Amino acid sequence: MKFIKEHLMFMLPLMAMLIGIEFILIFNRVTTSYEKKLKNEYAILVVSKRQLTTPMLRAINEKIDSVEPMDRESIAKEVTAGMQDSAMVAIMKDLPYFFRVHLTSYLSLDELKEIKQQLSSVDGILNVEIFGENYHAKHTMFKLVKMILNVFIVMLFVVSLLLVIKQMEVWQLAHKERMAIMEIFGAPMMLRSGILFKIAFIDAIIATLLNVFIFIYIKNSWASRTDITFIKENQDLLLNFSDFLILFVTALVIVAVSVFTVAIRSSEVPEG
Amino acid sequence: MASVITAQNLTLAYEKGKNIIINDATFTIEQGEFVFITGPSGSGKSTLLKSFYGQIKPYKGTLNVGGFDMKKIKKAQLLQLRRNLGIVFQDYKLINEWTVEKNVVLPLIITGYSLDVQKVQAEKLLSHVKLADQAHKYPLELSGGEQQRVGVARALSKNPFMILADEPTGNLDEFSSGVVWDLLENACDQLNATVLVVTHKIPTIFNIPYRHFIIENGGVHEVH
Ligand SMILES: Nc1ncnc2c1ncn2[C@@H]1O[C@H](COP(=O)(O)OP(=O)(O)OP(=O)(O)O)[C@@H](O)[C@H]1O
Ligand SMILES: [Mg+2]
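As given, the protein sequences belong to chains A and B, one line each in that order.
Residue numbers for the first sequence follow our numbering, so the first one is 1 and each next one is one higher.
Residue numbers for the second sequence follow our numbering, so the first one is 273 and each next one is one higher.
If we strip away everything but chain B, and leave its shape as in the complex, we get:
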């Protein structure tokens, strides 16, 4: 198996020197692994995910994602890496001027897939997240939980090699959460995607093997 993420003494900070969020973390994640990341609010879970898609650069240590050194990565390479990731945001980050349908296929639009492919994929994914009848609505016409599911569908729309999901079930009831867990399990199990999920609560029923990292006081520790 090949490593998709390698962190060596990784240290993250928003302001250099001050307020270190992640301190001296060392870990590797292999292709096709499923990883849960938990930890108290404000501990740096979202920040760690940001470092994986290059929104924050390593302050100290090294971080390699998908073969790219995230400290030295060039703008064009970063965009290329991002096009192959599926990201679910804690605050959804949907484009409010676009329909749900168009939001879901944003990654396909960016890669330049034809309208036909976009249409088929949007239909399929929206039915997976149980939103088939909301395709033509706009994000602000949906409930929080519905918007979150649109975000999940968008992350899956291009079969990414890695999915980074920040609280993908944070606003969902038990049923909808189950739907999302199934989709993520499936992406990992069937499509061999690497899946990293930040969550407050690991689901009680989970059908595939997974790893579990806890972030606390700046440290990243694996629970065995």
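Bound conformation, chain A alone:
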């Protein structure tokens, strides 16, 4: 009973930390995919007196991916609907060219403003519309959620680490005598703490595995049944194979940190 309790006291905070890490990993992937989606759906509108080409604009700013001309005739037709054909010809003569300018990646509002400035100063360009506010409203919300999540995870980490170290101290106390004897015979700290590493290492493996199982379950079972479309669409992002390694390495680092913290603090101070 005491045995199980002690190991839970160590493993639960450890698992909490690993879940925190996994959330950060997932959220980073979701952010990337979300920004890609935003980028793909987004275009700057450019109005120009003369024809523009992709190489021309790329020379101005490398973040411009491509330039897509909009159909002038349909615009003119819409404007002259019900009028004589000559009106259409006249309008076509004076109508400027319209372009959608696509970007290579998701850009910040400042970067967009910079592009707008650069394009506006190009000879022949009459107007540039970047639809900045619209583009960023959703993304700002997203960033806020991400920041709150990070703050929360950092707090979770601090509290959990303290709990893990606390349990490590309990184990160290239980093995104090053995460690003291080894020290009198000249054993370096790593060797003296070997027993602590051994206990904690096994717990780290179990915690990692449990975590991976939880996320595999969420990914394969819960995520396909949920009503939340965003999760359904991003199901693939929930657990990568590399996460397994990242979690395991993190668990080992946490174990090492807790063992060292305890071992260094308790290092024998000669009497007298």
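Do not rely on the hints blindly, as some may be mistaken.
BS3-like, lysine-lysine: derived pairs with alpha carbons at most 30 Å apart [claimed, not checked]:
{"#": "1", "chain 1": "A", "residue 1": "K2", "chain 2": "B", "residue 2": "K329"}
{"#": "2", "chain 1": "A", "residue 1": "K176", "chain 2": "B", "residue 2": "K365"}
{"#": "3", "chain 1": "B", "residue 1": "K332", "chain 2": "B", "residue 2": "K344"}
{"#": "4", "chain 1": "A", "residue 1": "K176", "chain 2": "B", "residue 2": "K329"}
{"#": "5", "chain 1": "B", "residue 1": "K365", "chain 2": "A", "residue 2": "K166"}
{"#": "6", "chain 1": "B", "residue 1": "K290", "chain 2": "B", "residue 2": "K374"}
{"#": "7", "chain 1": "B", "residue 1": "K332", "chain 2": "B", "residue 2": "K347"}
{"#": "8", "chain 1": "A", "residue 1": "K198", "chain 2": "B", "residue 2": "K409"}
{"#": "9", "chain 1": "A", "residue 1": "K219", "chain 2": "A", "residue 2": "K39"}
{"#": "10", "chain 1": "B", "residue 1": "K346", "chain 2": "A", "residue 2": "K198"}
A few chain A positions that, by computed beta-carbon distances, are all more than 12 Å from chain B [what the hints assert, rightly or not]:
{"#": "11", "residue": "F27"}
{"#": "12", "residue": "L45"}
{"#": "13", "residue": "A81"}
{"#": "14", "residue": "E114"}
{"#": "15", "residue": "M179"}
{"#": "16", "residue": "M182"}
{"#": "17", "residue": "E183"}
{"#": "18", "residue": "F185"}
{"#": "19", "residue": "V253"}
{"#": "20", "residue": "F260"}
Bear in mind the hints are in silico, worked out from the structure with no lab data behind them.
All of these numbers come straight from a predicted model, not from anything done at the bench.
Where is the CB? At the ideal position from N, CA and C, for every residue including glycine.
Assemble the complex: chain A is given as a structure, and chain B with the ligands must be docked to it using the hints.
For chain B with the ligands alone, kept in the frame of chain A given last:
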């Protein structure tokens, strides 16, 4: 001959200024010497040994052990020195979760000897202290005298350059005491180890030359 221990006006105290245990002691011990230390209970015999393996630092004066200034010795150097000592404790200090066999080779484990070497050495030493058939028991399954002999075997397991033994025969009958004295004599005589033994009673039959220090009222005096 080279000195392994040099004490100059050595003063030892557990609390600075108060309760001085050893006061202003000056002596040298050479490599390969056998030294008996006697004195009344509470006179500071164990404390003096502790200062030799760095468990207590000189309060005043200087102490040099195996080339290290024990006042200034760094942690890593202290561990290195300890790895080359063989220490027998008055209260045995065995690791209760380990078998007798594993306890005996603790110094070899710490230095990183292979399991094969450990096995051979454990067998040899346990038969020397007449405990060959107890190898797989745990310390708490042994009598006090048996545990003490495990402690002696452990101290000898790595052929240390110096053996510090605190009452190594305190709990032994005449026969077992004889076995332990023979082993310590042999370590000194054959392996040229320096041996310092704290004891209440110097054995009547002893085959090699030895020195004798008495600790009394804080002073360390040699009997000639
Ligand atoms: N860790 C300690 N802290 C404070 N005082 C101590 C400590 N260990 C020993 N002493 C005191 O130091 C004095 C000498 O103790 P020490 O153990 O060296 O005596 P000893 O000569 O080995 O006695 P014995 O023959 O009974 O083993 C005693 O008065 C004891 O109370
Ligand atoms: Mg003593």
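Going down the list of hints, with the structure as the test:
no. : hint               : verdict
1   : K2(A) to K329(B)   : violated, 40 Å
2   : K176(A) to K365(B) : holds, 12 Å
3   : K332(B) to K344(B) : holds, 12 Å
4   : K176(A) to K329(B) : holds, 22 Å
5   : K365(B) to K166(A) : holds, 27 Å
6   : K290(B) to K374(B) : violated, 41 Å
7   : K332(B) to K347(B) : holds, 20 Å
8   : K198(A) to K409(B) : holds, 23 Å
9   : K219(A) to K39(A)  : holds, 26 Å
10  : K346(B) to K198(A) : holds, 28 Å
11  : F27                : holds, 44 Å
12  : L45                : holds, 70 Å
13  : A81                : holds, 91 Å
14  : E114               : holds, 57 Å
15  : M179               : violated, 10 Å
16  : M182               : violated, 7 Å
17  : E183               : violated, 8 Å
18  : F185               : violated, 6 Å
19  : V253               : holds, 25 Å
20  : F260               : holds, 15 Å
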